[in-house]
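Using the sequences provided together with the hints, build the complete structure.
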Amino acid sequence: MTEQDKCILDMYKLIDEFTTKAEKRDMSLLRIPSISGCDAYQGMPPISRLRDELFDKYAEVISKAYDASIQ
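Mapping of the sequence shown onto the working numbering: position 38 corresponds to residue 38, and the numbering continues sequentially without gaps.
What the hints contain is simulated information worked out from the structure, not anything from laboratory work.
Some clues are possibly wrong.
Said to hold, decoys possible - Each pair of labels, with its calculated beta carbon distance range:
#, residue 1, residue 2, range
1, Phe18, Gly43, 19 to 27 Å
2, Met44, Tyr66, 20 to 28 Å
3, Met11, Pro45, 12 to 20 Å
4, Gly43, Gln71, 35 to 43 Å
Think of the CB as a built atom: it goes at the ideal place given N, C-alpha and C, for glycine as much as any other residue.
Here it is, written out as structure tokens:
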């Protein structure tokens with residue numbers, strides 16, 4: 001499986017998780033957790049961390065695809 005395939009699969013899984021939770025009216029991905037600890041995501045909803053993890057993991061693949069789309 002190529003990096004592009006893995007990226008697409010992980011993005012699909014993330015979208016599927018959002019969709020499944022939205023259908024159940026589960027807004028846990030959007031809720032800001034109680035403030036504890038100290039990191040870059042303090043006071044931000046979990047969806048921010050999930051998005052950034054995906055983008056960090058596939059930064060090169062996403063960057064190439066984005067660059068190709070704007071040319």
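Do the hints match the structure? See the list:
no.	hint	in the structure
1	Phe18 - Gly43: 19 to 27 Å	holds (21 Å)
2	Met44 - Tyr66: 20 to 28 Å	holds (23 Å)
3	Met11 - Pro45: 12 to 20 Å	holds (18 Å)
4	Gly43 - Gln71: 35 to 43 Å	holds (38 Å)
Checked against the numbered hints listed earlier, the structure breaks none of them; every hint is satisfied.
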